[in-house]
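**Q** Under this note's numbering, the first residue of the sequence shown is numbered 1, with each subsequent residue one higher.
Honestly, the hints are just simulated from the structure, not real lab data.
All values derive from a computational prediction rather than experimental measurement.
Mixed in with the good hints there might be a few duds.
Using C-beta positions, here's what the derived DEER-type ranges look like [claimed, not checked]:
1. Ile60 with Asp3: 25 to 31 Å
2. Leu26 with Lys49: 15 to 21 Å
3. Gly39 with Lys66: 15 to 21 Å
4. Glu22 with Lys67: 14 to 20 Å
5. Arg55 with Asp3: 30 to 36 Å
6. Lys18 with Ser75: 26 to 32 Å
7. Ser63 with Thr5: 21 to 27 Å
8. Tyr64 with Asp11: 25 to 31 Å
9. Arg37 with Gly57: 24 to 30 Å
10. Ala51 with Thr71: 17 to 23 Å
11. Gln56 with Ala36: 27 to 33 Å
12. Glu22 with Glu46: 18 to 24 Å
The calculated lysine to any residue pairs, modelled on SDA-like cross-linking and capped at a C-alpha distance of 25 Å, are [as the list claims (entries may be wrong)]:
13. Lys66 with Phe45
14. Lys68 with Gln8
15. Lys32 with Phe74
16. Lys66 with Tyr14
17. Lys18 with Ala76
18. Lys66 with Asn21
19. Lys68 with Ser48
20. Lys67 with Asn21
21. Lys59 with Thr71
22. Lys59 with Ser48
23. Lys18 with Tyr64
24. Lys32 with Arg55
25. Lys18 with Ser7
26. Lys49 with Lys66
27. Lys66 with Asn20
28. Lys32 with Lys66
29. Lys32 with Pro47
30. Lys67 with Phe45
31. Lys66 with Leu50
32. Lys67 with Leu50
33. Lys49 with Glu38
34. Lys68 with Ala51
35. Lys49 with Val70
36. Lys18 with Ala33
37. Lys32 with Asn21
We put the beta carbon where it would ideally sit given N, CA and C, even for glycine.
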Amino acid sequence: MSDITVSQAIDAIYASIKNNNEDIDLHIAALKAAMAREGVTEAVFEPSKLAQPNRQGRKIMQSYFKKKGVTVGFSA
Numbered sequence: 001m002s003d004i005t006v007s008q009a010i011d012a013i014y015a016s017i018k019n020n021n022e023d024i025d026l027h028i029a030a031l032k033a034a035m036a037r038e039g040v041t042e043a044v045f046e047p048s049k050l051a052q053p054n055r056q057g058r059k060i061m062q063s064y065f066k067k068k069g070v071t072v073g074f075s076a
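Using the sequences plus the hints, can you model the full thing?
**A** The structure is reproduced here in structure tokens:
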């Protein structure tokens with residue numbers, strides 16, 4: 001896995017979401033590694049870029065990412 005930044009990993013996750021969650025687990029793992037390298041404790045996503053930007057969709061995303069070891073937050 002190449003060394004990518006947190007923002008690059010988040011962009012890859014947005015692309016994966018647009019492609020029906022293709023390779024989402026690989027992108028989450030890359031995000032987790034980038035967060036560890038950069039000392040970031042929470043990945044912040046823009047709800048407008050999600051497939052389900054409503055509360056239920058955000059909670060599902062938070063739950064799935066938490067199972068993978070990534071804390072997710074959302075921008076206002």
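**Q** Would you mind marking each hint as holding or not holding in the structure?
**A** Structure-based check of all given hints:
no.: 1; hint: Ile60 with Asp3: 25 to 31 Å; in the structure: holds, 29 Å
no.: 2; hint: Leu26 with Lys49: 15 to 21 Å; in the structure: holds, 19 Å
no.: 3; hint: Gly39 with Lys66: 15 to 21 Å; in the structure: holds, 19 Å
no.: 4; hint: Glu22 with Lys67: 14 to 20 Å; in the structure: holds, 19 Å
no.: 5; hint: Arg55 with Asp3: 30 to 36 Å; in the structure: holds, 34 Å
no.: 6; hint: Lys18 with Ser75: 26 to 32 Å; in the structure: violated, 18 Å
no.: 7; hint: Ser63 with Thr5: 21 to 27 Å; in the structure: holds, 25 Å
no.: 8; hint: Tyr64 with Asp11: 25 to 31 Å; in the structure: violated, 18 Å
no.: 9; hint: Arg37 with Gly57: 24 to 30 Å; in the structure: holds, 28 Å
no.: 10; hint: Ala51 with Thr71: 17 to 23 Å; in the structure: holds, 20 Å
no.: 11; hint: Gln56 with Ala36: 27 to 33 Å; in the structure: holds, 29 Å
no.: 12; hint: Glu22 with Glu46: 18 to 24 Å; in the structure: holds, 20 Å
no.: 13; hint: Lys66 with Phe45; in the structure: holds, 14 Å
no.: 14; hint: Lys68 with Gln8; in the structure: holds, 18 Å
no.: 15; hint: Lys32 with Phe74; in the structure: holds, 17 Å
no.: 16; hint: Lys66 with Tyr14; in the structure: holds, 17 Å
no.: 17; hint: Lys18 with Ala76; in the structure: holds, 21 Å
no.: 18; hint: Lys66 with Asn21; in the structure: holds, 16 Å
no.: 19; hint: Lys68 with Ser48; in the structure: holds, 23 Å
no.: 20; hint: Lys67 with Asn21; in the structure: holds, 16 Å
no.: 21; hint: Lys59 with Thr71; in the structure: holds, 12 Å
no.: 22; hint: Lys59 with Ser48; in the structure: holds, 14 Å
no.: 23; hint: Lys18 with Tyr64; in the structure: holds, 17 Å
no.: 24; hint: Lys32 with Arg55; in the structure: holds, 23 Å
no.: 25; hint: Lys18 with Ser7; in the structure: holds, 17 Å
no.: 26; hint: Lys49 with Lys66; in the structure: holds, 19 Å
no.: 27; hint: Lys66 with Asn20; in the structure: holds, 20 Å
no.: 28; hint: Lys32 with Lys66; in the structure: holds, 11 Å
no.: 29; hint: Lys32 with Pro47; in the structure: holds, 20 Å
no.: 30; hint: Lys67 with Phe45; in the structure: holds, 17 Å
no.: 31; hint: Lys66 with Leu50; in the structure: holds, 17 Å
no.: 32; hint: Lys67 with Leu50; in the structure: holds, 19 Å
no.: 33; hint: Lys49 with Glu38; in the structure: holds, 23 Å
no.: 34; hint: Lys68 with Ala51; in the structure: holds, 19 Å
no.: 35; hint: Lys49 with Val70; in the structure: holds, 18 Å
no.: 36; hint: Lys18 with Ala33; in the structure: holds, 22 Å
no.: 37; hint: Lys32 with Asn21; in the structure: holds, 17 Å
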